[in-house]
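The lines below spell out each chain.
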Amino acid sequence: MKQIHLAAHFPGVNNTTVWSDPQAGSHIEFSSFVHFAQTAERAKFDFFFLAEGLRLREQNGLIYDLDVVGRPDTFTVLAGLAAVTTHLGLAGTINSTFNEPFEVARQFVSLDHLSGGRAAWNVVTSWDAFTGENFRRGGFLPEEQRYERAKRFLDAATTLFDSWRDGGEFAYRDEHFDIAGKFDLPRSPQGRPIVLQAGDSEEGREFAAAKADAIFSRHATLADGQAFYADVKRRLAKYGRTPDQLKVLPAATFVLGDSDAEAQERAHEVRRQQVSGQTAIKFLEQLWNRDLSEYDPDGPLPDVDPVVGENTIARGRASVRQHRDPLATAREWRELAAAKKLSIRELIIEKTARQTFIGTPSSVATQINDLVQADASDGFILVPHVTPGGFDVFADTVVPLLQERGVFRADYTGPTLRSHLFGEESL
Amino acid sequence: MAPGLHLSVALDDTGRHPSTPDDDSGLHTSTPDDGPGWHTSASDDGARFTPEYWVELVREAERGLLDFVTFEDDLGPVGRLDAVLVASRVAPLTSRIGLVPTVVAAHTEPFHLSKAIATLDYVSTGRAGVRVRASGSPEAARHFGRREITADTPLADLLDETADYVEVLRRLWDSWEDDAEIRDVATGRFIDRDKLHYVDFAGKWFSVKGPSITPRPPQGQPPVAVLSHASPVHALARRSSDLVFTTPHSAEDVRTIGAEVEGLLNFVDVVVGFGREDAPESDAFVFTGSPGELADLLVEWHAAGADGFRLRPASLPDDLRVITRELVPLLQERGVFRTEYTATTLRGHLGLPRPANRYAA
Ligand SMILES: Cc1cc2nc3c(=O)[nH]c(=O)nc-3n(C[C@H](O)[C@H](O)[C@H](O)COP(=O)(O)O)c2cc1C
Numbered sequence: 001m002k003q004i005h006l007a008a009h010f011p012g013v014n015n016t017t018v019w020s021d022p023q024a025g026s027h028i029e030f031s032s033f034v035h036f037a038q039t040a041e042r043a044k045f046d047f048f049f050l051a052e053g054l055r056l057r058e059q060n061g062l063i064y065d066l067d068v069v070g071r072p073d074t075f076t077v078l079a080g081l082a083a084v085t086t087h088l089g090l091a092g093t094i095n096s097t098f099n100e101p102f103e104v105a106r107q108f109v110s111l112d113h114l115s116g117g118r119a120a121w122n123v124v125t126s127w128d129a130f131t132g133e134n135f136r137r138g139g140f141l142p143e144e145q146r147y148e149r150a151k152r153f154l155d156a157a158t159t160l161f162d163s164w165r166d167g168g169e170f171a172y173r174d175e176h177f178d179i180a181g182k183f184d185l186p187r188s189p190q191g192r193p194i195v196l197q198a199g200d201s202e203e204g205r206e207f208a209a210a211k212a213d214a215i216f217s218r219h220a221t222l223a224d225g226q227a228f229y230a231d232v233k234r235r236l237a238k239y240g241r242t243p244d245q246l247k248v249l250p251a252a253t254f255v256l257g258d259s260d261a262e263a264q265e266r267a268h269e270v271r272r273q274q275v276s277g278q279t280a281i282k283f284l285e286q287l288w289n290r291d292l293s294e295y296d297p298d299g300p301l302p303d304v305d306p307v308v309g310e311n312t313i314a315r316g317r318a319s320v321r322q323h324r325d326p327l328a329t330a331r332e333w334r335e336l337a338a339a340k341k342l343s344i345r346e347l348i349i350e351k352t353a354r355q356t357f358i359g360t361p362s363s364v365a366t367q368i369n370d371l372v373q374a375d376a377s378d379g380f381i382l383v384p385h386v387t388p389g390g391f392d393v394f395a396d397t398v399v400p401l402l403q404e405r406g407v408f409r410a411d412y413t414g415p416t417l418r419s420h421l422f423g424e425e426s427l
Numbered sequence: 001m002a003p004g005l006h007l008s009v010a011l012d013d014t015g016r017h018p019s020t021p022d023d024d025s026g027l028h029t030s031t032p033d034d035g036p037g038w039h040t041s042a043s044d045d046g047a048r049f050t051p052e053y054w055v056e057l058v059r060e061a062e063r064g065l066l067d068f069v070t071f072e073d074d075l076g077p078v079g080r081l082d083a084v085l086v087a088s089r090v091a092p093l094t095s096r097i098g099l100v101p102t103v104v105a106a107h108t109e110p111f112h113l114s115k116a117i118a119t120l121d122y123v124s125t126g127r128a129g130v131r132v133r134a135s136g137s138p139e140a141a142r143h144f145g146r147r148e149i150t151a152d153t154p155l156a157d158l159l160d161e162t163a164d165y166v167e168v169l170r171r172l173w174d175s176w177e178d179d180a181e182i183r184d185v186a187t188g189r190f191i192d193r194d195k196l197h198y199v200d201f202a203g204k205w206f207s208v209k210g211p212s213i214t215p216r217p218p219q220g221q222p223p224v225a226v227l228s229h230a231s232p233v234h235a236l237a238r239r240s241s242d243l244v245f246t247t248p249h250s251a252e253d254v255r256t257i258g259a260e261v262e263g264l265l266n267f268v269d270v271v272v273g274f275g276r277e278d279a280p281e282s283d284a285f286v287f288t289g290s291p292g293e294l295a296d297l298l299v300e301w302h303a304a305g306a307d308g309f310r311l312r313p314a315s316l317p318d319d320l321r322v323i324t325r326e327l328v329p330l331l332q333e334r335g336v337f338r339t340e341y342t343a344t345t346l347r348g349h350l351g352l353p354r355p356a357n358r359y360a361a
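Residue numbers (full-length UniProt numbering), protein chains in the order written: chain D, 1 to 427; chain C, 1 to 361.
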């Protein structure tokens, strides 16, 4: 039986995170991160995961105010968490467009030393000029080059990770970078930090197959997951790699209850917390790329079509880029709404706020295990909807059941993240 | 004799690093802590790359009730762990002492550094500061490969860029008003967006739009420090910093330099190697006597106008222990140093008020 890998995603800047719940605490105070990470470590999770965004999102030219806004610096939080945990992996999303390899490599090697070998880097490639306005380089990168730069960036960083072999002397040159000198830090405890990838495009999948240790995907259902899993695992051979060298870890949410009916009812409640009428209209505007503020969220979908072309209504949102063909998506949404008689809000709940796992602890444990054993994934990056206590019940109820079934570790067997994922302490 | 003198310690590897040459620019801006060739106790065993090493040092400094420690950094060829990460790693395991990492302005992104220091302030609940450093190092520039820095690069340019950098850090810290997060369930709004501000900085070296992605840090503005040996850098310090590390060699010097950095907290740098015979070269005054003699010197220079001192131990952890266990009690006996922490934030230790937000109406 396959062993399941689990990671804890600190809820972030999107409507999955319910800030209006009485249970919701701060998403900024360090005590929230301590609570969250220590719960994940108590549950023997593989790693803690932090997303990143480098500009506050805007809609209609105004800073978006309906979701959680603001987050701390990735590296700084992870280094702080290294002090209050002992085994939990510490994964940070760090952009390859708005950074430089020497600095990022040094930060990850520092984090690996400061955590005793628990660092992981989720290499993301957001490139847009909107985000670039916060950086020296500005919005310089055409979309087609985002993975080109990411690949070179990671190659340059890998040269630095490995430079201890040559006493820190390094030189790296290609069409994106021309750097040389001395990277005088001792070998990173894991050899190199773990590399994660989270892009979904063809280029993103190739990048993952060539370079990543794990892939953070959006495909958490059975058929979709299996297709994605087969697709990326198949790509590995071309890079001389075996299927077990790349773990597939979809993002997943969950709602627990004492009975399945109670869990369903709670899930329904959570969805309505996640998608208010205002949120529903804002979501629709992101696809329609036009102002829909006059529409009634409890009424039908607009019969005007989306504005095709560059999205000018919503900026800094990955979700905008998911809609590669807005006209087709709008048609599909209208058909779905008509078939199921859904209002705007109900439709958006249907499309965006579906919890992956709903049920009693026992049924959720079964659902998770079934997906992993059916090769829909190697595990999950779980995102609770409440900070910081979202894993408390999961840790106490679901995890012991997975352990009883022998599909999840009862204790850590090594000190490093590499040992949790691959059974070996370092490269 | 309230409020007494302020005391901090520079943590740099295992003490004053043996082989850090100064810039060939000779500007004292990039590797100002160039040190004597002393060999040190914890030198080459790799301990300084472990978290335990740093935690122990900072806890020792906290036992001595020091205002803060600085963490040295550069982006040059000397192997150091990233100073901001070291400070953050130590923060949850200490409770009172200020944590002041060094950041290099020339090659890093002010947007990233602003949120990193703000986050250090959250992790440490109000104990973060930052020392900002220009860099004239050609080696560091090669590590980034984006521009060339040579001996001919004008100092004025490096300093102007550093001043812009600090301006952006500060604007970004203020880019959220303190009460911007409203969590108003009735209207569904998490923030009051009118309390978030674009910083719209456009300078010769870079432009930054803002607002920060990180809310205003607990101290509002973590204190900013600059190390300065010479007049042009004093000018940068006056423009940009809250406190300045200066390097006088006599009480008379303390007075002269004090006049140049008027309005800032003036921390005098002193390299300290208790009982050493091999007096080395340094930009800063080098002290090799006994703790009692150092106490005399500090009291004298304090009377000459130094607000405080940043002692740079020649050897870590040995000289640090002498500072915390022998020097500090002597200063306490003389009534010039605190006997317990009376504040919980770095600003509190330094007697600096929490600043108003420039964008607040
Ligand atoms: C599950 C998932 C999580 C992601 N998280 C982040 C993130 O935290 N920060 C970010 O800038 N991009 C994030 N992305 C964006 C991607 O990493 C990627 O850079 C972007 O989607 C463009 O690449 P693509 O076209 O291959 O998807 C995420 C993507 C996925 C699928």
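You may find that some hints are simply not true.
Said to hold, decoys possible - Which residues of chain D face chain C? A partial, calculated answer using Cβ under 7 angstroms: (1) Ile28; (2) Gln107; (3) Asn134; (4) Arg187; (5) Glu265; (6) Glu350.
Hints listed in this document are in silico derivations from the structure and should not be mistaken for laboratory results. Glycine included, each C-beta is placed from N, C-alpha and C at the ideal position.
Report task. Any hints from earlier that this structure breaks? Give me their numbers in increasing order, please. Result -> 4, 5, 6
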